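Student: Based on the sequences and whatever the hints tell you, model everything.
All you need for our numbering is the position in the sequence shown, starting with 1, plus 1155.
Do not take every clue at face value.
Here are the simulated DSS-like pairs of lysine-lysine, each with C-alpha atoms no more than 30 Å apart in a straight line [what the hints assert, rightly or not]:
1) K1273 with K1248
2) K1351 with K1305
3) K1300 with K1248
The following label-pair restraints were derived from C-beta to C-beta distances [said to hold, decoys possible]:
4) C1306 with P1258: 47 to 55 Å
5) Q1343 with S1255: 21 to 29 Å
6) E1286 with C1306: 25 to 33 Å
7) E1238 with D1261: 46 to 54 Å
No lab work stands behind these hints, which were simulated from the structure alone. Remember, it's a predicted structure, so these values are computed and weren't measured experimentally. Using N, Cα and C, we set each Cβ at its ideal position, and we do this for glycine too.
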Amino acid sequence: MGNYLVDRFVRSTVEMSSRYGVPRPRWASSSSSKVKTTDRLSAVADAINDRKLPPELRGQHSAVRSETDIIGVVEQRIWHSMEEGQFENLPGKGKPLNLSTNPHADPAEDTLYGILSKNGCAPEWIELNKEIRNQVSAWRVALKKAWTSKCNGDSSKWAESSETLKRQLRDINDKVFRYNLIVPFGRQMFGLKWEKELARLEE
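Tutor: Set out below in structure tokens:
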């Protein structure tokens, strides 16, 4: 929009200087071929922008100064339609919205998930997510139990139970890695770290 206004200003200044015999400003005193090229390019840009406008605004180059004019036309059309009652008997009036479909999902995936949910199945990543969460909660309970026995003075079992817990932690992290490969973008989860889990217990 800024370039459009600058081109208009340059052209109007050149036209005024030639019409009234006023000397051109130094910035406008380019060769006539450059002016013609600029005029042709501006005319093409005007024609392209004109096609994007609503029918009421086409051909009124000076009338459209900003997007607010276009927004005003849209609001005017909406109010006109409301006054005519075009929003009264819409097909979904009085019915709950259909929230079962996701407008942002791929239609093929959405259809697939619909078929799976009707048959009582879930995608692999959802099942894997449940499995990981259940394993993590059970693992944290076992870690807390082993840590409590260590803190109570029974450190003989700690070495054995910590090795078992570390092995289970590696299995959980392997599942988290596999989960992150198949899950839709934005739903990835972090793996667990032994040191952080111990630090949580020490707090």
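Student: Against each hint, give a clear statement of whether it holds in the structure.
Tutor: Status of each hint after checking the structure:
1. About 27 Å separates the Cα atoms of K1273 and K1248, which keeps this hinted pair within 30 Å; it holds.
2. Restraint check: the Cα-Cα separation between K1351 and K1305 comes to about 18 Å, which is no more than 30 Å; the hinted pair holds.
3. Between the alpha carbons of K1300 and K1248 the distance comes to roughly 57 Å, so the proposed pair goes past 30 Å and is violated.
4. Taken as a hint, the range 47 to 55 Å holds for the pair C1306 and P1258, whose Cβ atoms sit roughly 53 Å apart.
5. Under the hint 21 to 29 Å, the C-beta atoms of Q1343 and S1255, about 25 Å apart, fit the expected range.
6. Look at E1286 against C1306: about 30 Å separates their beta carbons, and that is inside 25 to 33 Å.
7. A C-beta distance of roughly 40 Å is found between E1238 and D1261, which places it outside the suggested range of 46 to 54 Å.
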